[in-house]
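Trainee: Generate the whole structure from the sequences, applying the supplied hints.
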Amino acid sequence: MNTEVNLAGIKMKNPVTVASGTFGYGREFSEFIDLNKLGGIITKGTSLKPRPGNKPPRVCETTAGMLNSIGLQNPGVEYFMNNDLPWLRKFDTKVIVNACGSSIEEYVELAKVLNTLDIDGVELNLSCPNVKAGCMAFGTSYEGVKEVTSQVRKVLDKPLIVKLTPNVTDITEPARGAEDAGADGVSLINTLLGMSIDVEKQRPVLANNMGGLSGPAVKPVAVRMVYQVAQAVKIPILGLRRNSNRKRCDRIYASWSNSCINRNRKLY
Amino acid sequence: MYLGFRSKEFVILEEEYKNISDKFVLTTDDGSYGEKGFAINFLRQDIEKGNIDAIYACGPLPMLKAVQELAKETKIPCQISLEERMGCGIGVCLGCAVQVNAGEDTVYTHVCKAGPVFDSNIVKI
Ligand SMILES: Cc1cc2nc3c(=O)[nH]c(=O)nc-3n(C[C@H](O)[C@H](O)[C@H](O)COP(=O)(O)O)c2cc1C
Ligand code: FES
Numbered sequence: 009m010n011t012e013v014n015l016a017g018i019k020m021k022n023p024v025t026v027a028s029g030t031f032g033y034g035r036e037f038s039e040f041i042d043l044n045k046l047g048g049i050i051t052k053g054t055s056l057k058p059r060p061g062n063k064p065p066r067v068c069e070t071t072a073g074m075l076n077s078i079g080l081q082n083p084g085v086e087y088f089m090n091n092d093l094p095w096l097r098k099f100d101t102k103v104i105v106n107a108c109g110s111s112i113e114e115y116v117e118l119a120k121v122l123n124t125l126d127i128d129g130v131e132l133n134l135s136c137p138n139v140k141a142g143c144m145a146f147g148t149s150y151e152g153v154k155e156v157t158s159q160v161r162k163v164l165d166k167p168l169i170v171k172l173t174p175n176v177t178d179i180t181e182p183a184r185g186a187e188d189a190g191a192d193g194v195s196l197i198n199t200l201l202g203m204s205i206d207v208e209k210q211r212p213v214l215a216n217n218m219g220g221l222s223g224p225a226v227k228p229v230a231v232r233m234v235y236q237v238a239q240a241v242k243i244p245i246l247g248l249r250r251n252s253n254r255k256r257c258d259r260i261y262a263s264w265s266n267s268c269i270n271r272n273r274k275l276y
Numbered sequence: 215m216y217l218g219f220r221s222k223e224f225v226i227l228e229e230e231y232k233n234i235s236d237k238f239v240l241t242t243d244d245g246s247y248g249e250k251g252f253a254i255n256f257l258r259q260d261i262e263k264g265n266i267d268a269i270y271a272c273g274p275l276p277m278l279k280a281v282q283e284l285a286k287e288t289k290i291p292c293q294i295s296l297e298e299r300m301g302c303g304i305g306v307c308l309g310c311a312v313q314v315n316a317g318e319d320t321v322y323t324h325v326c327k328a329g330p331v332f333d334s335n336i337v338k339i
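Order-wise, the sequence lines are chains V and W.
Residues in the first sequence are numbered consecutively from 9, following the numbering used here.
Residues in the second sequence are numbered consecutively from 215, following the numbering used here.
Careful, some of the hints might be misleading.
[Stated by the list, open to error] Computed spacing ranges between beta-carbons, pair by pair: (1) V:G17 to W:G317: 40 to 46 angstroms; (2) V:D188 to W:N335: 52 to 58 angstroms; (3) W:E318 to V:E155: 32 to 38 angstroms.
[Claimed, not checked] Pairs of lysine to aspartate or glutamate residues, derived as EDC-like cross-links and limited to a Cα-Cα distance of at most 20 angstroms, are as follows: (4) V:K98 to V:D42; (5) W:K327 to V:E39; (6) V:K209 to W:E298; (7) V:K242 to V:D192; (8) V:K63 to W:E297; (9) W:K327 to V:E36; (10) V:K63 to W:D319; (11) V:K21 to V:D128; (12) W:K289 to W:D267; (13) W:K327 to V:D92; (14) V:K45 to V:D92; (15) V:K63 to W:E318; (16) V:K209 to W:E283; (17) W:K250 to W:D260; (18) V:K21 to V:D126; (19) V:K120 to V:E86; (20) V:K166 to V:D100; (21) V:K242 to V:D178; (22) W:K289 to W:D333; (23) V:K57 to W:E318; (24) W:K338 to W:E297; (25) V:K57 to W:D319; (26) W:K237 to W:E262; (27) V:K63 to W:E298.
[What the hints assert, rightly or not] One side of the interface only, derived from the structure: several residues of chain W facing chain V at Cβ under 10 angstroms: (28) V325; (29) K327; (30) V331.
Hints were generated in silico from the structure; no laboratory data involved.
Every residue, glycine too, gets a C-beta built ideally from N, C-alpha and C.
Mentor: As C-alpha cells, this is what we get:
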C-alpha cells in the first residue's frame, strides 16, 4: 500500500509522526521502536538558548488525560544541532523541529539558524501555555500569528507549519493568520489550559498552578477544531492525536484533515 | 535500619526488615508503637556514637531533607531515593524534574532516568 504523503512540502513515507514534547529527540524511544518506521519526528520544543524548564511538580494525572507544565525545558538549538540532529539523521525519517521563542526577534533568530540546518521542516510553536512570555501570547489572534509567521517566513525557506493553540474563542482566526502569512500548513491542537487542585494540600498540584491538558479528554475538542480549520483554510492540517484507538482516529482524521494524519505516541 | 511511622496503624514490614538488619529501630511519631519520635533522631544518636558509615534513605520529602542536612553536617556519605510525578518513565516528557546543585544556574535532572536514587550532595530538594 502506498502510504506516502506530501504534507506542507514535506514528503513523508507515511503520515505517522509524533507530537512535539512526547518523544524528546527520539533517543529514548529508539530503544523501543524502530524510528525508521515513522513518517517523521517532530522534536521537543527547541529555543535559541537552553531553557531549564519549570519547577516540579510538572505533570499530573486528570480524568482521561493529564496536565503538564514542563516549561519547554530544552538544551537549545546549538546543542540540538551538534548532538541530536546528526544522530537523528541516521534514520530514514523526516525531522521537523518544533521552534519556540519568547519574542518575535527570538523566533526570527532561531528561524535563521534552523534555515541553515539539515532538517525537513519547522513547526512554529505559537501555542505553548507554559511559559510566561511568548508562545501562546502570539498564537491567540489573527494579527499575532500573522505577524510572527510572516517575520519567520522571510528568513525560512524550509516548509513551515504553524502549531495552533486551542485556547481561543475562534480557532479559524489564528489559522487564517498563518495561511495569510505564507505558512505551508497548520498543526493542531496544542494543550488546553487547565488546573488541578490537591485538596489535601489546598493548593494546585502543579508548581506552576496551571498547565496544559492533553489526552483522550481533549480529543473531541481537537476533532471539532480540525473540522473548523479545514473549512477555513486551504493549507494542509496536521491533526495531532494519540494512537490510542487506531481505527477510530484514522476514520476521524481521514475525513477531516486535508492531507495528513499525525498520531502522537505517548506512554503513561 | 531505622524505620519511622506516624503511628501504630501505619506500621508495615516490621518482621521483614528486622530479619535482615543487624540493628533495628522502629519509631512512631506519637509513640503508639516502638520508640517515640522521628527515626532520624535515633540515627543521629548512632552517628554521634560513630556507628554509621553510610546512609540510604527513602520516604517523604521533609524527612529526606532532614536526612540530607544531617548527612551534610556529619559528612556521612548518603544516598536518597526520590519520587516525583511521572508522565513517561523513560526520560522523554521531562515531567519528573528534580533540581540539581549548579551554583547560580537552575538545572534540572529527571528522577525516572537519572534516579530515582541520587547522591544526597547532588540534588536540591
Ligand atoms: C509532556 C508534554 C510535553 C509537550 N511539549 C510540547 C512542546 O515542547 N511543544 C509543543 O508544541 N507541544 C508540546 N506538547 C503538546 C503536544 O505536542 C500535543 O499538542 C498535545 O499533547 C495534544 O495532543 P494529545 O492530546 O494527543 O496528547 C506537549 C505535551 C505533553 C503532554
Ligand atoms: S517521567 Fe517522563 S521524563 Fe521522567
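Trainee: Of the hints given before, which are not true for this structure?
Mentor: 16, 30
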